[in-house]
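Q: Sequence:
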Amino acid sequence: MATLLEPHRALCGLAQLKDPGRGCECMELIRDCCDMRALGAVSGLQATHSRFGRHELGFHASVKGFSRHELGFYGSVKGFGTPVKRSYKRLCSTSATHASSKLSPGSAIIESTLPTVDGSRSDISTSLPDVAASPHLLRVHPDSLQYEAGHLGGISENTASAAGEDREQVPTAMSYLTRILTSKVYDVAVETPLEPATKLSERVGADILLKREDLQPVFSFKLRGAYNMMSRLSREQLDKGVICSSAGNHAQGVALAASRLKCNAVICMPVTTPEIKWKSVKRLGANVVLVGDSYDETQAYAKQRSEEEGRIFVPPFDHPDIIAGQGTIGMEIVRQHVGPLHAVFVPIGGGGLIAGVAAYMKRVRPEVRIIGVEPTDANAMALSLYHGERVILEQCGGFADGVAVKTVGEETFRLCRDLVDGVVLVTRDAICAAIKDMFEEKRSILEPAGALALAGAEAYCKYYGLKNEAVVAITSGANMNFDRLRIVTELANVGARKEAVLAIFMPEEHGSFKKFVEKIGAVNFTEFRYRYSSKEKALVLCSVDLHKEEELEALKGRMAGHAMQLLDMTDNDLVKDHLRHLMGGRTCVENELLYRFVFPERPGALLKFLDMFSLRWNITLFHYRAQGESGANVLVGLQVPLEDEEEFNARAAALGYDYQDERENEAYKMMTSYGA
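The sequence shown lines up with residues 685 to 1360 when you count with our numbering.
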């Protein structure tokens, strides 16, 4: 064992070097202390995970009480032991993975007024290539894998790499260690601090540390990977220019890297990109092209233009140099925290960040758990790990837009399946609560994706009762859109379990309101909605402050036995987004369908919807809920006879907007039946 410890000490010594760019000296230090076979033995060390280990935990799934999916279309699932299952089918996805095909007669043409590098505007007709089909991927719904908040899941008997898998053409573990140690990211990036979250640590009982990537020059970690890849290009390649497709942080990273390396950069962004974002990129000196209604279309255009002009395409995550650049965060964590460390929590989109962090830390500090965090409605990595293969999500939630990825990278998945200990899933409410926690802790406002790891760390510590151990959460970005703050403030207390959303049925008679207030006790109402609708029963929707979760159970007990029925709707997104705003006016509509659509935030989106449906069927309900650039959440009711439902489903699919049937939602049934 002593032989193995020597190279481990050598690598720990590397972490103490003050100049992160001294990569050659670092590698000489390794060679002086050990041979590569001994180092390989160290890299293969496995941590003892006790009850937290990926191989001992197995997979437990439950959505009861933690997610909107309990009340959604797919039904309620209770208990532990089996994943929430749904029928799968293998289909060709419509992602732009291989979208370098030439223009065809059926290509879409859009007219855009595009910003140019000198600040002028020019009318440009931009041709979009058809989005080519990717290789056959398992097509799954996010709801098909859900488990309790804080549970370390995603790992199954399918996760481990196949024994006979061909790995001759892929970078080795040692290769990634070398790439990270010799990275040039510090030409543009800063070594961000690892700061204690004092207030949050006191509340949770664990020592929570924040790796502040939101303090980078572009307020995100993304410039590390972009610069690391671009700095390795030859002068000849740089002179031809680079191109990328992005709607946010990656775009700024590429633009800044291009500015430092003195090369021309074309940044392709969807036409729905908010002005504040594309102007930020343009200020860094890049040429911004607004093209495509979706990211897939934008990426297809960027890859085609890359081929035609000879530009280097800079991917957002799936490239060894991108991964290695992000891995420098892991190197900094090892250098900044020399004591015992239970886990590092990393947000997952395409997987570049967690793959890089894991590639370094599992070689240098193998006992530290590397835990990914994903939104419950954008869990592509958790599903990929669970099935043992990359999957494509049928739909993807867009609230945490920085990690809203339908398919993870091929190389990132290869690394994660071997190195990552599991994935924690968190709700939109929990993300909002984490944004508030960060504001109260540091007076900084994270974007939703930037708060993802913190939300996961809090949920994990609570689920496992983790006390007096250190954990790190990577706060990955702070490019928050101002209009998103309204939603965050509405849901933060719900996510922190400090506010409950309740539905109460009571007799529609004199004095029942007063009796209700007396029985509910000394609580602080944050919202109260009532409208007369039935002679028999009254329905009240209200929100109340909670100091402890036990207070809700006590409240239910006080209400029982007084001809009043109380239902907890805290985890029902349909109520929070729509039904709380639709009190009164309920009626029983014959042949009514109820669907939620996600409208893209662009001119003409509503008209496109109406063209598809309004002339064919009567619209009975319409409630629009803007959510910033991630799209508008729209609840729609339509009168569709049974014999027309097949046609309706075909039209809904052809529309191209994400949608979900809400007819089986408990809240909808409750609110439409009592007033009938």
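Among the hints, a few may not be true.
[Said to hold, decoys possible] No more than 25 Å apart at the CA atoms, straight line, and that leaves these computed lysine-lysine pairs for BS3-like:
id, residue 1, residue 2
1, 1221, 883
2, 1240, 883
3, 883, 924
4, 961, 883
5, 1182, 1151
6, 1182, 1120
7, 1198, 1221
8, 1182, 1221
9, 1199, 1221
10, 946, 924
11, 1240, 1198
12, 1146, 1182
13, 1221, 1146
14, 1203, 883
15, 1126, 1146
16, 1182, 883
17, 1182, 1126
18, 883, 1199
19, 1203, 1221
20, 1240, 1199
21, 1151, 1126
22, 1221, 961
23, 868, 883
24, 1182, 1203
25, 1292, 1146
For the record, the hints were derived by calculation from the structure and aren't laboratory data.
Q: Can you give the numbers of the hints that this structure goes against, from lowest to highest?
A: When the structure is compared with the hints, numbers 1, 2, 3, 4, 8, 13, 14, 18, 22, 23 and 25 turn out to be violated.
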